[in-house]
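Engineer: Here the structure of chain A is known, so what remains is to put chain B in place on it, guided by the hints.
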Amino acid sequence: MSVSAPVVRLKICMAGESSVGKTSLIRRYVLDEYDDRYLATLGTKITKKALTVPGPKAAPPVTVHAILWDIMGTPTLRDLLREAYYHGAEGILLVADGTRKSTLAALDDWSRSIRSVAGDIPTYGLVNKHDLEPDPALQPEDVQAFFEKRGWPWSYSSAKTGEGVEESFEKIVELVLKGRPAG
Amino acid sequence: MTRSLGFHRHRGRMRRRDGRRAPAEGAIWRPRASGGERLTAFEVPDTAMVVRARLLANADDLDALFVLAALRAQNGLVEEGISILDRVLDRDPAYPGGWRFKATLHHMRGEDDAERSAWARAEDVEG
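These protein sequence lines map, in sequence, to chains A and B. Going by the working numbering, the first residue of the first sequence is number 1, and it counts up by one from there. Going by the working numbering, the first residue of the second sequence is number 1, and it counts up by one from there.
The set of hints was computed from the structure by calculation and includes no laboratory data. The structure displayed is predicted, hence computed values, not measured ones. Treat the hints with care, as some may be off.
[Said to hold, decoys possible] Okay, the calculated bits of chain B under chain A, using three or more residues with CB under 8 Å as the criterion:
no.: 1; stretch: 68-77
no.: 2; stretch: 98-107
[Said to hold, decoys possible] Far from chain A, by Cβ distances over 12 Å, these chain B residues were calculated:
no.: 3; residue: Ala59
no.: 4; residue: Glu80
no.: 5; residue: Ser83
no.: 6; residue: Asp86
no.: 7; residue: Asp90
no.: 8; residue: Pro93
no.: 9; residue: Asp113
no.: 10; residue: Ala114
no.: 11; residue: Ser117
Even for Gly, the Cβ is constructed at its ideal location relative to N, Cα and C.
Extracted from the complex, chain A is given alone in its bound form:
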């Protein structure tokens, strides 16, 4: 009789300013779809994605049910809702919009709010909309320096073309698993 591998359940929060593409990234990752139309997310949407990733420290592959919390990007309600949204989060995907410099700097406030509830959990940064001409005020070396300073791995992404999407979700899951105690 074979014993099925245990399933690990992880809560991952997407965060970032309005209109940076959080919902589109999830949609691309889970459904492999993209829609040009923008509908602001109200509240939060939860999506489950099952994936298999390499086990930490050369362990066998692990089946993960990633519970993706797509949280509305309204900074004014962020602190009021932080317990509701971030409690139990094990990883953060912070999303900026490469065509708007301000959305990168805003990631600090999102990170702070999440960490105030969930602690110092693994974080991965995404600079989305890489298919578009970037904000000229946002130089690649500035982006690199921003993430390096905070110790957050990061990459560019495009929900429209799919660039960097799957890899980033897998990466945050791997980071979370790596930080979990064995067993």
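Structural biologist: Frame of chain A; chain B shown alone:
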């Protein structure tokens, strides 16, 4: 009413990396109740306006009601916020973050028992 983020206005519409215009990318789609027209890029709809439009279209829109509860509480109307949130949780007891938010609102009112009770429900629902 929209809140402009003010970037790139001098450059006109966004362009793709190949230099072509990207009319749809980044454009904001207004809810049908407010006309359904596309706005220029880099305009973010005001949350209260979106909530209003969504509730006009569907008075039982749980997401809109949830955010309305938050907006009310933020404006100091915590009791009203709780009442609206109760409507959400009546209709969907597993609404994401609903019970923890209720606990937060009771905490704001110093209602310890209600806070603990809401927190316990959250643990039941979300684990």
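Engineer: Could you run down the list of hints and mark each one as holding or not?
Structural biologist: Hints and how they fare:
Coverage of a stretch by a chain is defined here by at least three residues with a beta carbon nearer than 8 Å to that chain's beta carbons; for the stretch 68-77 of chain B and chain A the count is 4, and the condition holds. Look at the stretch 98-107 of chain B against chain A: 5 of its residues bring a Cβ nearer than 8 Å to a Cβ of that chain, three or more, so the hint holds. For B/Ala59, the non-interface assignment is confirmed: its Cβ lies about 14 Å from the closest Cβ of chain A, beyond the 12 Å cut-off. Every Cβ of chain A is farther than 12 Å from the Cβ of B/Glu80; the closest lies at roughly 14 Å, confirming the non-interface assignment.
Distance check on B/Ser83: its Cβ is at least 16 Å (rounded) from any Cβ of chain A, clearing the 12 Å threshold; non-interface status holds. For B/Asp86, the non-interface assignment is confirmed: its Cβ lies about 15 Å from the closest Cβ of chain A, beyond the 12 Å cut-off. For B/Asp90, the requirement that its beta carbon stay farther than 12 Å from each beta carbon of chain A is met, with the minimum near 16 Å. In this structure B/Pro93 is separated from chain A by more than 12 Å, as the shortest Cβ-Cβ distance comes to about 15 Å.
With a least beta-carbon separation of about 18 Å from chain A, B/Asp113 lies farther than 12 Å from that chain, consistent with its non-interface assignment. Distance check for B/Ala114 against chain A: the nearest CB is about 15 Å away, which clears 12 Å, and the non-interface claim stands. Look at B/Ser117: its CB is around 15 Å from the nearest CB on chain A, clear of 12 Å, so calling it non-interface holds up.
Violated hints are absent here; each numbered hint is respected by the structure.
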